[in-house]
Amino acid sequence: MNTDNDDTTIKPTPNVINTPARSAMKPTVDPITRSVVQHRLTSIVTEMGEAMLRTSYSQILNSSRDFSIAICDTSARLVAQADHIPIHVGALPWATRAVEERFNDIAPGDVVLLNDPYHGGSHLQDMTILVPIFDQGRRLFWTIVRAHLSDVGGATYGGYNPHASEIWQEGIRVPPIKIHEAGKRRDDIIDMLALNVRNPRDFHGDFAAMIGAAHLGERRLARLFEELGSAVVEEAIEMILDSAERRTRQIVSNWKDGIFRGEAFLDDDGRGRENIRIVAKVTKKGSDIAIDLSESDPQTSSFVNSSHANMQAAVVMAFAYLIDADIPKNAGALRPLKVTARKGTVVWSDPGLPVSFCTSHPSNEIIEAIVKAMSRCCPDRAMGGWGRRFRIAIQGENPRTGRQFIWHMFQARPGGGASSAGDGWSSIGEWHSVGGIKFGSVEVAEARFPLLFRHHEFLANSGGDGQFRGGLGVALDLEVRTEKPAIANTAGEGVRHGSCGLLGGSDGAPHRYSLVSPGRPPRELKTKDVGIEVLPGDWFEVRSAGGGGWGPPEQRSEQARREDRRLGFVN
Amino acid sequence: MLTIGIDVGGTFTDLVAIDDTGRTIFAKSPSTPQDQSVGVMVGLEELARRLGLSREAMLGKTERIVHGTTVATNALLERKGAKVALLTTEGHRDVIEMREGLKGDRYNLRSSPPAPLVPRDLRFGVRERIGPQGEVIVPLDENALDEAVKAIRASGATSVALCFLHSYSNPAHEIAAAERLARELPEVDVSRSSDVLPQIKEFERVSTTIVNAYVGPAVRHYLTGLEQRLGAAGFTGSLFIILSHGGMAPVEEAWRLAAATVLSGPAGGISGSRRCAELLGVPDLVPFDMGGTSTDISLIADGRASLSADGGLADQRIALRSLDIASIAAGGGSIASIDASGAFRVGPESAGSVPGPACYGNGGSSPTVTDANLILGYLDATSFMGGRRPLDQRAAEAAIDRLADKLGLTREKAAAGVFRLVNLAMADGIRLMTLKRGVDPRHFALLSFGGAAGIHAAEVARELEMSRIIVPTEASVLSAWGMLTSDLRYEMSRTHYQSDDKSPEAQVRNMYAALEKQATDRLRAWFAGPIEIERSAEMRYGEQVFEVDVPLTDVDLNGSDLIEQIEGRFHRAHEDLYTYSLRDEEVVLVNGRAAAVGIVARAEDRIEPVTSAPAAAHKRRKAFFNNAWTEVDVYAAEKLNPGNVIHGPAIIEAETTTVIVNVGDRATVNARRWLDIKVATVQHAEKELALSA
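Those protein sequence lines, which keep their order, are chains A and B.
According to my numbering, the first sequence is numbered sequentially starting from 1.
According to my numbering, the second sequence is numbered sequentially starting from 1.
To be clear, the hints were calculated from the coordinates, so they are not data collected in a lab.
Computed from a prediction, not measured in an experiment: that's the story for all the values here.
Every residue, glycine too, gets a C-beta built ideally from N, C-alpha and C.
Incorrect hints may have been included.
[Claimed, not checked] The following label-pair restraints were derived from C-beta to C-beta distances:
#: 1; chain 1: B; residue 1: His443; chain 2: A; residue 2: Val444; range: 52 to 60 Å
#: 2; chain 1: A; residue 1: Gly286; chain 2: B; residue 2: Lys622; range: 49 to 57 Å
#: 3; chain 1: A; residue 1: Pro399; chain 2: B; residue 2: Ala182; range: 37 to 45 Å
#: 4; chain 1: B; residue 1: Gln133; chain 2: A; residue 2: Glu554; range: 36 to 44 Å
#: 5; chain 1: A; residue 1: Ala222; chain 2: B; residue 2: Ser612; range: 41 to 49 Å
#: 6; chain 1: A; residue 1: His39; chain 2: B; residue 2: Ser499; range: 43 to 51 Å
#: 7; chain 1: A; residue 1: Glu524; chain 2: B; residue 2: Ile175; range: 52 to 60 Å
#: 8; chain 1: A; residue 1: Ile189; chain 2: B; residue 2: Leu407; range: 51 to 59 Å
The whole structure should be built from the sequences, with the hints applied where relevant.
Here it is in structure tokens:
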């Protein structure tokens with residue numbers, strides 16, 4: 001067993017996500033100015049996100065919105081974030097810390113880039129841009145844009161490579177580097193990056209959008225300093241962080257004290273190792289929460305490992321889901337939280353191991369293990385399990401254009417978990433994105449790719465039963481209308497383990513995917529597979545997972561059951 | 001001849017008549033939510049009285065009535081629309097409930113999904129399928145259609161939304177189904193997606209079509225009823241409805257596309273604001289309409305209001321172009337409170353009109369913005385609403401004192417805090433409308449209208465460093481007035497397809513020529529006056545999916561450098577909005593748009609001579625300015641004359657609104673009797689304060 005003194009655990013300091021409050025600074029900023037600063041920071045990150053959505057090039061950003069925005073200070077504390085993809089947000093302070101440790105010569109006009117999971121990143125697909133914010137020669141903040149790029153090189157398109165046994169097979173690695181120096185863009189470096197990805201045009205467009213959004217944040221912060229003075233802004237931020245901490249502690253202190261355990265399982269690592277266990281031990285005392293993941297199983301040799309920053313982010317996410325939604329997600333709100341984990345486990349792998357699946361898995365299982373543990377500590381706040389990710393990518397030739405196409409499936413999203421507030425959301429997504437990723441239009445997909453969505457409706461009986469029922473998954477019959485055989489890859493989880501039911505509720509139905517090819521027996525799809533041959537006219541039968549139920553099924557009202565039958569959610 | 005504008009609001013129905021000489025008459029009557037046309041007819045009676053005519057005589061000489069209605073808005077907000085059935089492609093019944101997998105309020109995992117306007121047992125699939133190029137993959141199954149029609153009849157639905165996949169590229173199946181429905185269920189309204197929104201993206205199309213089906217019957221019922229009442233009362237002119245995008249439509253077109261009327265009400269305010277911009281020669285305005293429970297903020301830039309199709313109402317996506325209006329849930333009735341962490345906030349809870357602010361004396365005890373304004377001396381207990389509604393000073397004090405105790409502040413400091421915070425919320429709303437689009441509010445004048453705006457405008461302007469505030473005399477009925485003063489707009493747009501057989505310049509020219517002809521022909525059917533053309537293009541870089549709408553009215557269409565001109569404008573617009581441009585990147589012109597604008601013969605602008613006689617204050621009272629009680633002059637608006645100048649701090653009281661002139665600010669009464677306030681910068685104001693101390 002390990003303790004904080006074990007040299008393989010994270011030391012409590014310097015732990016950027018829960019840095020203690022700065023020395024007893026006398027609050028001289030009035031509560032109204034504090035509100036001004038808080039409103040302004042929120043509108044700045046919101047506006048940055050809007051710009052990113054509207055200007056980016058690739059489908060995963062401008063339609064599916066797989067990007068996030070934050071402002072951190074130079075101590076790497078999260079000051080403000082926009083509500084985009086939860087799994088990004090808790091990781092951004094670690095990216096900031098990696099940059100602060102790497103450079104001691106940050107100058108106005110610099111722009112820093114990174115993606116390496118062993119240098120502050122989460123997985124290679126997420127590129128992060130940081131712009132330093134100065135006021136009168138003092139460096140104070142970073143505006144940060146993290147975006148999931150559609151390709152980052154490596155052995156497979158899109159960065160998910162179930163066959164990778166080391167990180168070099170997953171894509172190009174970028175430690176913190178300056179891509180603008182004092183206002184001058186390093187075109188040579190950008191050329192090198194563009195050469196290492198499969199779609200340089202999207203890359204350039206997305207990259208310009210990221211830097212543009214970060215600069216927009218810089219423009220707005222400069223105005224804020226002009227209006228109030230940066231010293232006032234800094235002081236107001238201390239108050240904002242303290243206030244978030246107070247609110248969080250007030251909530252946590254009402255929960256039951258004790259030590260609680262929860263566990264969740266990955267199906268497999270794609271190489272025959274099955275039922276990989278994630279364990280969360282939660283110690284709740286007063287207004288403090290310590291979450292220890294160090295009993296989790298050893299790391300694997302495939303992409304289901306987690307990087308350190310991503311593991312931290314997953315814990316932060318679980319915690320954020322349990323407190324009140326309107327508490328600002330900043331460093332103050334996270335002060336009551338202490339995280340312990342052990343290097344060499346599946347939640348924190350050794351350098352060099354592949355981690356490209358980590359923002360989905362094991363993130364989902366980390367969150368699920370924590371929420372399960374907490375269901376005995378704060379049952380009214382814990383929710384049934386949300387779905388796991390099961391992605392298909394198809395590569396082939398589009399007969400309409402004669403050009404190669406690659407398509408990533410975002411449709412047929414799994415159901416969300418039920419909670420004390422009621423039934424879960426159907427077709428809404430996974431624990432790590434919780435409705436932050438849009439699947440986009442079926443019509444647009446059919447217009448751009450040789451696909452026919454024959455059927456795309458809620459899947460009856462997929463939601464876990466309970467006093468409140470889990471959200472439904474989706475039944476999708478997807479025909480591939482190429483003229484030549486196409487190839488498919490999968491990257492997924494959750495065909496063995498469904499989303500967990502909670503407090504007596506049942507688990508949701510797990511995923512079931514198969515490929516139907518006339519004249520051949522149906523082929524059940526494995527979650528981590530490459531090189532699946534798809535013949536013209538074949539179709540995928542996707543039956544995505546439902547969410548977990550909440551509370552004992554016998555307490556479900558008769559009226560709710562009648563309604564489920566009337567609407568065809570249960571039959 | 002007369003023209004009449006009618007704006008039906010939540011509390012009051014405002015009416016404005018303008019005659020040939022430019023004489024403008026206002027009337028207000030209580031709104032009648034059960035049947036808005038009742039309040040309208042009563043209001044017309046009152047308007048006629050003020051004109052010294054009988055209602056029949058007045059309507060007999062009225063050539064045009066322009067009307068903003070909230071019938072669709074209310075049906076949607078209150079969920080009181082029709083019982084709608086959806087007829088759609090088999091296997092795709094749940095598009096409306098999946099919402100593309102997107103959920104707002106990201107961190108709230110303990111919430112229930114919004115109930116769809118059409119529950120699943122009223123959504124019927126029919127076997128048919130059309131592909132993206134319009135090709136028929138599966139023919140429409142007539143037997144399945146029979147079954148669906150039977151099921152709809154049995155369900156008791158009174159309105160049907162019809163939406164098949166890819167119907168934007170081939171509406172044949174939808175048209176066939178619509179004909180069948182019309183034959184077999186003639187009493188049922190039908191909204192067809194290829195008619196309502198013929199565009200790719202099924203979620204937006206089906207959602208918009210459902211909203212149309214949901215509000216359609218109520219809008220049709222109301223408008224045909226109103227038309228009959230007006231006709232019976234002697235009206236023989238044309239009735240036009242203002243649409244969410246600010247254009248106008250005759251009655252039949254308005255109910256056919258009822259989803260386009262959900263912002264009909266505030267759209268009039270924007271028309272009025274545009275007219276103000278024109279009259280003043282100030283092209284850049286932020287219209288700021290602050291009422292009791294909500295505040296509408298919009299933007300007039302370069303004389304134009306901005307439009308977008310990204311909106312919706314009451315959780316329902318409506319992908320029709322609509323004026324960009326930010327509604328903030330804060331106004332005079334907003335309640336101040338302290339949350340669990342000790343943070344002090346104002347709103348979003350509101351005391352509404354019942355019980356209303358504590359000072360209304362109707363049993364309200366929560367401290368509101370209006371109570372704070374009374375404590376601070378900005379409002380006067382005896383002269384509120386022209387003295388017709390005295391306020392309860394002690395109730396306001398008791399409410400604010402409870403707040404002050406919790407904050408550990410004095411009464412006036414607490415009230416000043418409420419005042420400041422609500423001003424910040426307003427300023428934030430304006431920032432979202434301006435900064436979000438890369439527009440700097442400092443270059444804009446604040447146009448203050450609606451009952452509560454005048455008190456807050458000075459501070460809101462200061463917060464945003466805006467240096468000018470305009471308060472028109474029409475402030476309390478600006479929406480109704482705006483409907484009369486705006487031109488008749490008819491818009492057409494189309495997707496631009498670039499082919500190889502003609503030069504790009506020629507294709508752009510042809511596209512605009514075709515659009516302009518279509519728009520002009522449609523407008524000509526109901527308008528005989530002069531017509532002007534406006535055009536714009538929605539453009540983007542290479543693989544972007546969101547466009548920037550770039551005005552092109554004054555480009556030289558015949559220039560050989562046409563494409564270069566258009567691209568240059570797009571690059572500049574992108575830089576302004578997003579800090580950068582990509583000069584080497586492909587620029588895509590996605591949609592061309594042209595509007596035929598029927599120029600309405602406007603009544604002559606009534607400008608009075610400006611004299612420099614000093615304004616006479618009619619009384620003085622104590623009010624709280626810059627953290628201190630100050631004895632200030634109070635002026636009666638109706639006694640001010642063009643040319644009068646008032647130095648702040650001062651208060652100007654009109655029958656339905658109060659205007660604060662802040663320390664260091666200077667209000668001038670212009671030739672139209674509007675207040676034109678020059679706002680001092682913060683530094684300047686502090687200097688004035690130091691001098692006066």
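Exercise. Any of the earlier hints contradicted here, and which numbers?
Worked result: 1, 4, 7
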